[in-house]
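So the sequence lines, in the order shown, correspond to chains A and B.
Counting from 1, position 69 in the first sequence corresponds to residue 1488 in our numbering; the numbering is continuous, with no gaps.
Counting from 1, position 20 in the second sequence corresponds to residue 46 in our numbering; the numbering is continuous, with no gaps.
Hints listed in this document are in silico derivations from the structure and should not be mistaken for laboratory results.
Beta carbons are placed, not taken as given, at the ideal position from N, Cα and C, and that holds for glycine.
Take the hints with a grain of salt, since some may be wrong.
Covered stretches of chain A, going by a simulated chain B footprint (3 or more residues, C-beta under 8 Å) [claimed, not checked]:
no.: 1; region: 1459 to 1471
no.: 2; region: 1475 to 1482
Label-pair distances were calculated between CB atoms; the ranges are [claimed, not checked]:
no.: 3; chain 1: B; residue 1: E52; chain 2: A; residue 2: C1520; range: 43 to 49 Å
no.: 4; chain 1: A; residue 1: R1547; chain 2: B; residue 2: V72; range: 45 to 51 Å
no.: 5; chain 1: B; residue 1: P189; chain 2: A; residue 2: E1422; range: 24 to 30 Å
no.: 6; chain 1: A; residue 1: Q1536; chain 2: B; residue 2: G82; range: 26 to 32 Å
no.: 7; chain 1: B; residue 1: G316; chain 2: A; residue 2: V1513; range: 34 to 40 Å
no.: 8; chain 1: B; residue 1: P199; chain 2: A; residue 2: Q1536; range: 34 to 40 Å
no.: 9; chain 1: A; residue 1: P1501; chain 2: B; residue 2: A38; range: 34 to 40 Å
no.: 10; chain 1: A; residue 1: R1547; chain 2: B; residue 2: Q272; range: 34 to 40 Å
no.: 11; chain 1: B; residue 1: R271; chain 2: A; residue 2: M1420; range: 45 to 51 Å
no.: 12; chain 1: A; residue 1: T1428; chain 2: B; residue 2: P31; range: 22 to 28 Å
no.: 13; chain 1: A; residue 1: Q1519; chain 2: B; residue 2: R90; range: 46 to 52 Å
no.: 14; chain 1: A; residue 1: R1437; chain 2: B; residue 2: R73; range: 20 to 26 Å
no.: 15; chain 1: A; residue 1: E1422; chain 2: B; residue 2: V72; range: 36 to 42 Å
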Amino acid sequence: MTELIVAFTLNGERREVRVAAHETLLTLLRDGLGAIEVKDGCGEGVCGTCTVLLDGEPVSSCLLLAARVAGRQVTTVRGLAPVGSLSLLQNSFVPHGAAQCGFCTPGMLLTAHAFLQQHPRPTREDIRRAISGNLCRCTGYVKIIDAIEAASAGAAPASPSGAAPARRG
Amino acid sequence: MPAAPFDYHAPATVAEALSALGALGEDAKVLAGGQSLVPMLTLRLVRPAAVVDIHGLDELRGVRRDGDTLEIGALVRHRALELGDGPLGSCPLLQEAAALIGNVRVRAMGTIGGSLAHADPAAELPAVVRVLDGVLVARGPGGERTIPAAEFFTGLLSTSLRPGELLAAVRLPLPAGRAGYAVEEFTRRAGDFAVVAAMAAVELDGGGRASRVRIAIAGAGPAPVRLAAVERALAGVEPSEQAFRQAVADHKLEIEPDADMHASADYRRHLTRVLTVRALVRAASRAMKGAQP
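Construct the complete structure from the given sequences, taking the supplied hints into account.
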């Protein structure tokens, strides 16, 4: 068994941790670093609830060895907006009722966030395709798609900064 | 479940990787993008004593076009194939097929070399390489050797890579002249492996007849197969849906489908016929337009 020291950035903060080579990023984040906003779903890369951004790109943290994040930027849903506030996208989920049990929400938000950065003015079909790798067993997806659409640059009125103050649901 | 513990090697060069693989022998598994191997480790379907993680081998990330050949390094990711970055844009079939792989997270991490070496019978990329008569480049203790796709995929999750060898690249011959490609696949849910996938490549002569037709099927046997009898029957034929239907109905299909929880063997035979005709129709129409699909 191999152990390594891995230094990486988690939500903008530098972390240096000792990991076993066979440990996944998911277990490191949840069990080692208390980042329980990253959910443990299928463990096979299918459901999408353990999604994190690796240098801005969505990946399944259950399919990534922790050793591989050395020198990289990892973003969880907590990294989408400063503490105490929500991003425009997060805010959009609230009035649309785009979360029910909430288990898929962190992964859904990270996937949608990365997608909107690349495709600021998507069609609904683009959005459907973009989140097709994130499973939700409550909402039937319609409200999630509504929320993402409303947060896109094509929707009016859009906040140019991409961040908005917290709003109570 | 966590993976069982293993020794971890992260070589910085191909030479170091080969020496690690040589020393570890059958006890080692090569880790590329990890989208198949990591779940196999955490489900404990495999319990290697050692993992050789090749993500640091930048020499395997190159893409270059040399005349009519596109060479793609083993560590090029599905996402790059899908986006058609740089010279990868010269192979539209690769783009179309890569877009069907898993989900966006799988495509962000998964590599072409990993998919080819893993050789899942329902995976898209092995069938792409098979239909284009690609050549696999392996590096081992004795140097480099090339393996035609027809000899590379030997069975279920099996290839002709030898112990101690590393898949370094794949070379895809690109067509000159009027050619069109298409992939058609049937999945139960978005992102699933295909139940059956059909890849077609149609090349036309000056008179608009098919000078060469190639078809590869994934998901209907232990490895991707070419429909050689149908291909022969269609050589020299004027492309039409009717001609394609006739050829697929009249000739032997070199598939060996099995039944599983997703589909019966008969249903896979049916899908093979339907998807082959659809792929041929689309490939031929693209070839006739003269536009790259």
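Hint-by-hint comparison with the structure:
1. 1459 to 1471: Coverage by chain B holds here, the residue count being 6 at a Cβ distance below 8 Å.
2. 1475 to 1482: With 6 residues closer than 8 Å to chain B, the region 1475 to 1482 of chain A meets the three-residue bar; holds.
3. B/E52 <-> A/C1520: 43 to 49 Å: Because 45 Å falls inside the window, the suggested range holds.
4. A/R1547 <-> B/V72: 45 to 51 Å: 35 Å, violated
5. B/P189 <-> A/E1422: 24 to 30 Å: 28 Å, holds
6. A/Q1536 <-> B/G82: 26 to 32 Å: 27 Å, holds
7. B/G316 <-> A/V1513: 34 to 40 Å: 52 Å, violated
8. B/P199 <-> A/Q1536: 34 to 40 Å: Since B/P199 and A/Q1536 have Cβ atoms about 37 Å apart, the given range 34 to 40 Å holds.
9. A/P1501 <-> B/A38: 34 to 40 Å: 38 Å Cβ-Cβ, so the 34 to 40 Å window holds.
10. A/R1547 <-> B/Q272: 34 to 40 Å: Given about 37 Å between the Cβ atoms, the range holds.
11. B/R271 <-> A/M1420: 45 to 51 Å: 58 Å, violated
12. A/T1428 <-> B/P31: 22 to 28 Å: With Cβ atoms ~27 Å apart, the hint holds.
13. A/Q1519 <-> B/R90: 46 to 52 Å: The hinted range 46 to 52 Å holds for A/Q1519 and B/R90, with Cβ atoms some 50 Å apart.
14. A/R1437 <-> B/R73: 20 to 26 Å: 23 Å, holds
15. A/E1422 <-> B/V72: 36 to 42 Å: 21 Å, violated
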